[in-house]
Amino acid sequence: MRIPRHVIVLVRSVLLVLALLWLLPGAYTLFLSLRSDVGNGFTLSNLWAALSIQGLGRFFVNSLVVTLSTVALVTGCASLSAYAISRLSFRGRSLVYASLLLTLMMPFTALAVPFFIINKTLHLFNNYLGLILPYSALGIPFALVILKNFFDTFPRELEEAAIIDGAGVFRIFFSLVLPNSISSLTVVMIWTFLNAWNEFLLALLFMSDNSMKTISLAPLFYEGVYCNVVGRLMAILVVISIPVLVFYLALQQQLEKGVQGGALKG
Amino acid sequence: MSMRGLRAMSESALGQVTGSRQPGGRVRRRQREQQGVAYLFVAPATLLFLGFIVYGIAYNLYNSFQGQTLYGKTIFVGWLHYASMMHDPIFWKALYNNGIWFVVTVGIQTLLGYVLALLLDLRVLGSRFVKFFKTVIFAPVVLSPVVISLVWGHIYDPYRGLIAGFWHNCPNWLGSPQLALLSVALVNIWQWTGFSMLLCLGALQDIPRELREAAYIDGAGYLQTARYILLPLLKPATATLFILGMIGSLQQFGLVFVMTGGGPANASQVLGTYIYKKAFSEGNFGYGSAMSVALLVLTLVVTVLQLAFFNREQGRA
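Same order as they appear, the protein sequences are chains A and B. Numbered continuously in this note's numbering, the first sequence closes out at residue 266. Numbered continuously in this note's numbering, the second sequence closes out at residue 317.
Derived from the structure by calculation, the hints contain no laboratory data. Just so you know, not all the hints are guaranteed correct.
The list that follows gives simulated cross-link-like pairs (lysine-lysine, DSS-like), each with its CA atoms no further than 25 Å apart [what the hints assert, rightly or not]:
no.: 1; chain 1: B; residue 1: K235; chain 2: B; residue 2: K134
no.: 2; chain 1: B; residue 1: K277; chain 2: B; residue 2: K93
no.: 3; chain 1: B; residue 1: K277; chain 2: B; residue 2: K73
no.: 4; chain 1: A; residue 1: K120; chain 2: B; residue 2: K277
no.: 5; chain 1: A; residue 1: K257; chain 2: B; residue 2: K134
no.: 6; chain 1: B; residue 1: K131; chain 2: A; residue 2: K257
no.: 7; chain 1: B; residue 1: K277; chain 2: A; residue 2: K257
no.: 8; chain 1: A; residue 1: K120; chain 2: B; residue 2: K235
Excised from the complex, chain A in its bound form:
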């Protein structure tokens, strides 16, 4: 089918306008953070101040600890169980898979009350584990689906060859299957990372101590302090978002793969 040139130009311009419209909130935030509080000029002072602001480093480190532990726990648990479900025969296999999948449909908000009680009983308020454990429990199903689908397509011949060479299940899993699953593991890690990094409700409930707050609580924390200094607040939002945006631009392709491959074939 041939598409006339003027139609292509028209479609391009419409999409360009749409893209600019999509960028507008970001541009507006940047504009507010650069605008000088006095007069009409622009200044970097808000951004500099945001970079060295009290507490932000701590929030960042807290988020890193929680998020990286969640990623490790989810990737570990999900790859082990995905491999067992995909390749090993055991009684109750489909029951395990079905019930883990059911978690995929659990709304976070409906489990907030019991998680609150669990953490209260175990004294896990203002403790990294209080977030790591529920994030992992809720994060495993998505990882499981992606990894199981990948293991299902893993060539059996390779494993059979390893069996003939005398390798046991552990060796096959750790030195044959895992090293060949890097691309799927990356997809899983990136999505788990993003979900844990941006999670808000449970962090709000369990991290009341300022020294334990995660980065997703930082905007509200500073909003309370700088509610009347818009430029300062917006500068903080810019500084908070830059690492995530850099992360996004660096790993965009794996993220897209997560959307297109994993979700669809689940």
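Let chain A serve as the given structure and place chain B on it in line with the hints.
For chain B alone, kept in the frame of chain A given last:
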């Protein structure tokens, strides 16, 4: 003789040479070992699942029949919370708002995402333009809902916001009962359209190009091709989007909580924010649990219904 027959013969010969009396014995032992390893492998995930999800649901059920006295003691109150839920207009308002949220966000995100994906799929825009466009539209997905809420809160500000800068006396987007929920839903659409677009684009790229060519050769126009060839093949992607969108709608919390707090006067209250308000702001955990049970049951029912619907459609196509 077939290859398989050959192999069977040589195997039985090998068995005789090595002198194993029970040909099945080693296989069975291997299977038993495998079973043990398998349980070891699924144990960590299953433990987390039992400890948090199963226990969580069970605790919600138990707790929804409990109430608290003035002195903090817990007592059994029977169906009290469920009865008051049935007569709580704000609960029904929140449920209704969740429904509106689902229809508006998933409807527009899917439609817009599909139109954009179909345009990108034409392959006439140049790969650099497509990459730029995808990067921009998908970017909000990675941002924190709290950051997004604060930025959009300033955009919507009726006195010094971005919109007010162009449009004097513009409506109070987040402060008016008619507009609050829709204004927040618009932010959700801004955040998630890129996700629908990429999911649909992925599905379109899985459809062989020959199918489109064949349709054009048969004289079908672009719209006919899209309607009769492409859309039916996009059903699995649509089903995924609807189910993900439904779960996302039912667990909506961050955007509403930060931008309106459910207000004004509960106009934008959704179940997530209302559970938070009842359980954590007012300390009525029993009532919060009862609403959580309702939310879980609702999620389950709607998911099953959607799966059944899309499977039937699939069978028909």
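Structure-based check of each hint:
Annotation: proposed proximity of K235 of chain B to K134 of chain B holds, straight-line Cα distance about 22 Å (limit 25 Å). Under the criterion of a C-alpha separation no larger than 25 Å, the hint pairing K277 of chain B with K93 of chain B is consistent with the structure, at around 14 Å. Between K277 of chain B and K73 of chain B the CA atoms are separated by roughly 21 Å; this keeps the pair inside 25 Å, and the hint holds. For the suggested pair K120 of chain A and K277 of chain B, the alpha carbons sit about 19 Å apart, so the restraint of at most 25 Å is met.
This hinted pair checks out: K257 of chain A and K134 of chain B have alpha carbons roughly 13 Å apart, not beyond 25 Å. Proposed proximity of K131 of chain B and K257 of chain A is supported: the alpha carbons are some 14 Å apart, at most 25 Å. Between the alpha carbons of K277 of chain B and K257 of chain A the distance comes to roughly 38 Å, so the proposed pair goes past 25 Å and is violated. At roughly 45 Å between alpha-carbon atoms, K120 of chain A and K235 of chain B are farther apart than 25 Å, so this suggested pair is violated.
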